[in-house]
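S.K.: Residue numbers (this note's numbering), protein chains in the order written: chain A, 290 to 564; chain B, 290 to 564.
The set of hints was computed from the structure by calculation and includes no laboratory data. Some hints here could point you the wrong way.
Since the list can't tell identical chains apart, any single copy or any two copies may satisfy a pair.
Computed cross-link-like contacts, DSS-like style, restricted to lysine-lysine with a CA-CA straight-line distance of at most 25 angstroms [unchecked claim]:
no. : residue 1 : residue 2
1   : 427       : 300
2   : 362       : 398
3   : 302       : 374
4   : 398       : 316
5   : 552       : 300
6   : 398       : 359
7   : 509       : 546
8   : 359       : 303
9   : 398       : 366
10  : 316       : 366
11  : 513       : 333
12  : 464       : 448
13  : 427       : 464
14  : 374       : 301
There are 2 protein chains.
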Amino acid sequence: MTTNQLIQQIKKKKSFLCIGLDVDLNKIPQHLLKEDDPIFSFNKAVIDATHHLCVAYKPNTAFYEAYGLKGWKSLEKTIRYLNEKHPEIFTIADAKRGDIGNTSTMYAKVFLEDLAFDSVTVAPYMGKDSVEPFLAFKDKHTILLALTSNQGAFDFQTKTVDGKALYKQVLETSKTYTNSENLMYVVGATKAEYLADIRQIIPDSFLLVPGVGAQGGSLKEVCKYGMNAQVGLLINSSRGIIYASNETDFAEAAALKASELQKQMAVELSHHFIN
Amino acid sequence: MTTNQLIQQIKKKKSFLCIGLDVDLNKIPQHLLKEDDPIFSFNKAVIDATHHLCVAYKPNTAFYEAYGLKGWKSLEKTIRYLNEKHPEIFTIADAKRGDIGNTSTMYAKVFLEDLAFDSVTVAPYMGKDSVEPFLAFKDKHTILLALTSNQGAFDFQTKTVDGKALYKQVLETSKTYTNSENLMYVVGATKAEYLADIRQIIPDSFLLVPGVGAQGGSLKEVCKYGMNAQVGLLINSSRGIIYASNETDFAEAAALKASELQKQMAVELSHHFIN
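Work out the full structure, taking the sequences as your base and the hints as a guide.
M.R.: Written out as structure tokens, the structure reads:
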């Protein structure tokens with residue numbers, strides 16, 4: 290999917306919501322456990338109920354790997370379902386991979402070609418030749434970890450490197466990578482005030498923002514500091530939506546929570562694009 | 290496996306060789322492609338021929354994920370075979386994972402509990418709460434990326450952070466993590482001269498050293514600067530050993546290459562522990 294197609298979807302749906310499909314068998318409605326593939330059944334129901342309210346889905350691969358072969362099968366079925374039924378939706382493999390050149394190419398093929406996700410999250414620690422293999426895929430996107438939403442982000446990411454915070458070095462250096470136009474960035478909502486600085490370095494890039502809701506970030510603040518002329522934001526919510534209920538009404542409850550966020554996003558969009 | 294058990298194996302075998310099981314179906318002998326599970330057949334033959342010459346095996350998960358469900362099955366069979374037939378061998382899941390707390394716990398369970406590897410490689414970018422979940426497993430080891438062997442290592446790892454290279458900050462900060470005694474570190478052999486500095490910070494830790502051979506690093510140099518009183522080194526070789534031949538004699542050829550390295554290691558051990 291091209292960035293323009295994503296922007297069109299955002300404008301059409303008045304939503305820049307990404308729903309995190311982080312499925313934990315201990316948290317889903319227990320009646321689903323009788324199904325052949327409870328994870329896929331859960332995802333399918335959530336997708337069917339929410340696809341008109343969001344523009345992206347993001348399964349975190351850890352939740353699927355946790356169930357071994359069965360989990361990988363559920364992941365395959367989920368992305369195939371999305372690509373067949375909702376090709377207009379932007380898909381993110383939240384895999385946080387990164388390895389030396391040839392090995393990164395293997396990861397890139399798995400997620401961007403074989404599973405046919407639109408994008409994959411990548412860790413920047415190993416530098417250029419670990420990231421560029423992901424950038425080589427046309428109309429696919431590499432979402433680089435810049436400033437994450439967890440406490441550990443302060444261990445290294447915010448430390449000063451040659452006069453500038455490490456996450457800023459990551460942003461600036463990554464702009465020099467081949468095919469850098471395929472880059473997006475993870476920036477945690479719990480650090481919304483950093484977004485103004487970040488927009489100085491990457492005014493045009495899309496940001497994937499986790500941490501709104503469960504982790505305490507504010508949608509309003511994120512939009513204030515992070516929105517650009519092309520919106521430029523995907524706001525992720527996982528637990529707050531998919532575990533809104535663990536009864537038989539879980540999909541409707543998820544849709545209700547997604548709808549609340551979508552309405553807030555519509556308000557933000559009208560503020561930013563009328564003024 | 291405890292660190293002491295690993296050291297005992299090194300002394301017994303006069304070897305600190307780790308063999309990287311990075312299996313690419315395009316590079317293995319073509320007669321194996323007729324087998325049910327060519328990757329496992331290849332690994333089993335290599336393991337049977339080399340287990341007395343090395344103390345560790347390290348499958349890089351990218352090579353298995355690349356083949357989807359089949360690949361994961363081959364990885365499962367390989368680690369089960371190792372744990373059943375050669376429980377004295379140290380096993381490394383080279384997965385380079387790392388995510389926020391709960392999600393890192395899921396990855397840790399997959400590799401250290403379900404697949405029962407002795408250790409897993411982890412990327413440090415997300416800091417303390419992304420690493421500590423891996424450290425919580427008793428007699429298991431977390432091998433943190435410090436200074437990698439690729440060119441991209443110079444993008445961020447060697448940059449100066451608060452007066453010190455980032456990889457040194459990673460070493461120092463990680464020493465403060467809960468259960469830090471379960472840490473080992475990846476340090477590339479292509480940067481052997483850095484090892485003296487590294488030993489100032491972490492005199493006692495084991496280092497996993499890729500990049501000897503194919504990537505140009507020297508065993509002698511690595512031992513000169515990196516060996517400590519408990520040896521403290523695992524030197525990895527992948528392609529140089531497992532692809533020594535792609536004919537029917539591939540396992541014997543792998544054993545010959547492994548044996549050459551083991552002999553050089555025996556010489557290094559005798560130098561360092563007699564003087």
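S.K.: Hints first: check each against the structure and report whether it holds.
M.R.: Structure-based check of all given hints:
In the homo-oligomer, the alpha carbons of residue 427 and residue 300 lie at most 25 angstroms apart inside one protomer (23 angstroms), although the nearest pairing across protomers, at 51 angstroms, exceeds that limit. Taking CA atoms no more than 25 angstroms apart as the test, residue 362 paired with residue 398 passes in both settings, with 17 angstroms inside one copy and 19 angstroms between copies. In this assembly of identical chains, residue 302 and residue 374 lie within 25 angstroms of each other by CA distance solely inside one copy; the values are 17 angstroms within and 57 angstroms between copies. Taking the closest pair of Cα atoms, residue 398 and residue 316 come within 25 angstroms of each other only across two copies (18 angstroms); inside a single copy the shortest separation is 31 angstroms, beyond that limit.
Only within a single protomer do residue 552 and residue 300 lie at most 25 angstroms apart by alpha-carbon distance; the minimum there is 13 angstroms, versus 66 angstroms between protomers. With identical chains, the CA atoms of residue 398 and residue 359 are at most 25 angstroms apart both within one copy (21 angstroms) and between copies (16 angstroms). With identical chains, the CA atoms of residue 509 and residue 546 are at most 25 angstroms apart within one copy only, with a shortest distance of 17 angstroms there and 61 angstroms across copies. Taking identical chains as interchangeable, the C-alpha atoms of residue 359 and residue 303 are never at most 25 angstroms apart, the minima being 36 angstroms within one chain and 41 angstroms between chains.
For the homomeric pair residue 398 and residue 366, the shortest alpha-carbon distances inside one copy (17 angstroms) and between copies (23 angstroms) are both at most 25 angstroms. Only within a single protomer do residue 316 and residue 366 lie at most 25 angstroms apart by alpha-carbon distance; the minimum there is 20 angstroms, versus 30 angstroms between protomers. In the homo-oligomer, the alpha carbons of residue 513 and residue 333 never lie at most 25 angstroms apart, since the shortest distance is 34 angstroms inside one protomer and 57 angstroms across protomers. Both within a single protomer and between protomers do residue 464 and residue 448 lie at most 25 angstroms apart by alpha-carbon distance, with minima of 20 angstroms and 17 angstroms respectively.
For a Cα distance limit of 25 angstroms, the shortest separation of residue 427 from residue 464 inside one copy, 17 angstroms, qualifies, whereas the shortest one across copies, 42 angstroms, does not. In the homo-oligomer, the alpha carbons of residue 374 and residue 301 lie at most 25 angstroms apart inside one protomer (18 angstroms), although the nearest pairing across protomers, at 59 angstroms, exceeds that limit.
In this structure, the hints that do not hold are numbers 8 and 11, in rising order.
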